[in-house]
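Asker: Taken in sequence, the protein lines are chains A and B.
Going by our numbering, 96 is the number at position 93 of the first sequence; the sequence numbering is gapless.
Going by our numbering, 80 is the number at position 5 of the second sequence; the sequence numbering is gapless.
Just so you know, these hints were derived from the structure itself, not from any lab.
Certain hints may be false.
[Stated by the list, open to error] Using 30 Å as the maximum straight-line C-alpha spacing, the simulated DSBU-like pairs for lysine-lysine come out as follows: (1) A:K138 with B:K118; (2) A:K28 with A:K123; (3) B:K122 with B:K140; (4) B:K134 with B:K118; (5) A:K138 with B:K140; (6) A:K77 with B:K122; (7) B:K134 with A:K123; (8) B:K122 with A:K65; (9) A:K65 with A:K77; (10) B:K118 with A:K5.
[Claimed, not checked] Here are the simulated distance ranges between beta carbons: (11) A:E47 with B:K140: 32 to 42 Å; (12) B:S93 with A:N144: 21 to 31 Å; (13) A:S24 with B:K140: 43 to 53 Å; (14) B:V113 with A:P60: 17 to 27 Å; (15) B:V113 with A:S69: 42 to 52 Å; (16) B:S93 with A:G48: 28 to 38 Å; (17) B:S77 with A:G95: 41 to 51 Å; (18) B:N103 with A:G95: 47 to 57 Å; (19) B:E131 with A:H91: 25 to 35 Å; (20) B:T119 with A:M55: 25 to 35 Å; (21) B:N103 with A:S14: 20 to 30 Å; (22) A:S94 with B:G91: 45 to 55 Å.
[Stated by the list, open to error] Stretch by stretch, here's where chain A covers chain B in the computed footprint (C-beta under 8 Å, at least three residues): (23) 89-98; (24) 104-115.
The C-beta atom is built at its ideal place from N, Cα and C for all residues, glycine as well.
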Amino acid sequence: MKVEIRKEPFSPCREVESYQSLMQKAGHYGAMASFVGTMRDFNEGAEIREMMLEHYPGMTEKHLESICRAAAAKWELLDVLVLHRVGHIHSGDPIVLVAVWSAHRAAAFDACRFIMEDLKSRAPFWKQETLVAGKRWVTRNMPG
Amino acid sequence: MSITIKYFASLRELLGRSEENLELGAGNITVAELWEQVAGKQKTRPKNVLTAINMEYVKADARVKDGDEVAFFPPVTGG
């Protein structure tokens with residue numbers, strides 16, 4: 004299991020591939036489900052130029068690790084990777100990657116969704132958008 | 076008792092600081108009471124403020140003890 008907060012842009016496909024080869028569990032997993040959240044250039048009716056993503060160093064990692072442990076207690080998982088950007092983000096940049104490996108697809112799909120929904124509603128991250136007219140804090144998430 | 080308080084995102088901007096150390100007299104103080112003490116009367120506690128003690132979510136009536144790290148922040152918007 005790996006949780007990482009990263010300041011630099013990342014390629015979700017490359018991250019999944021490199022983590023999967025380091026896991027050395029080929030033959031054990033029959034399913035991998037992943038979710039990638041990417042920055043849009045529009046939100047709540049406004050054009051967004053860029054975004055600043057802030058977190059609570061220490062608590063954010065701790066919280067994400069506890070979500071992953073809760074998922075592993077609920078489903079039979081072989082591995083989990085969670086990667087989340089912070090800092091300056093531009094439209095089109097991946098923000099979050101959740102990847103889950105398991106023997107069968109149901110556990111992988113369900114655990115991936117479970118981790119992602121908890122991350123959205125409980126993990127301490129905050130977005131501040133830069134619009135043409137200035138900056139604003141995002142105050143709520145879009146319904147899934 | 077001595078505690079550390081952290082503020083994030085819009086609450087950091089509201090209070091104009093990100094972190095402070097506070098010396099409090101011994102006693103039983105809740106995180107809601109602590110907010111009133113640090114923010115002053117002019118800044119009512121915004122709706123939906125979330126609070127953590129030592130990096131775990133707590134409710135507004137949780138009590139603070141010596142050495143705690145308390146954090147106040149707005150609803151989260153990651154992912």
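Asker: Hint by hint, note whether the structure agrees.
Answerer: Hint check results:
no. : hint                          : result
1   : A:K138 with B:K118            : 22 Å, holds
2   : A:K28 with A:K123             : 29 Å, holds
3   : B:K122 with B:K140            : 24 Å, holds
4   : B:K134 with B:K118            : 20 Å, holds
5   : A:K138 with B:K140            : 37 Å, violated
6   : A:K77 with B:K122             : 33 Å, violated
7   : B:K134 with A:K123            : 20 Å, holds
8   : B:K122 with A:K65             : 25 Å, holds
9   : A:K65 with A:K77              : 19 Å, holds
10  : B:K118 with A:K5              : 40 Å, violated
11  : A:E47 with B:K140: 32 to 42 Å : 41 Å, holds
12  : B:S93 with A:N144: 21 to 31 Å : 24 Å, holds
13  : A:S24 with B:K140: 43 to 53 Å : 46 Å, holds
14  : B:V113 with A:P60: 17 to 27 Å : 21 Å, holds
15  : B:V113 with A:S69: 42 to 52 Å : 28 Å, violated
16  : B:S93 with A:G48: 28 to 38 Å  : 31 Å, holds
17  : B:S77 with A:G95: 41 to 51 Å  : 46 Å, holds
18  : B:N103 with A:G95: 47 to 57 Å : 51 Å, holds
19  : B:E131 with A:H91: 25 to 35 Å : 29 Å, holds
20  : B:T119 with A:M55: 25 to 35 Å : 26 Å, holds
21  : B:N103 with A:S14: 20 to 30 Å : 51 Å, violated
22  : A:S94 with B:G91: 45 to 55 Å  : 30 Å, violated
23  : 89-98                         : violated (count 0)
24  : 104-115                       : violated (count 0)
The structure fails hints 5, 6, 10, 15, 21, 22, 23, 24 (numbered hints given earlier, in ascending order).
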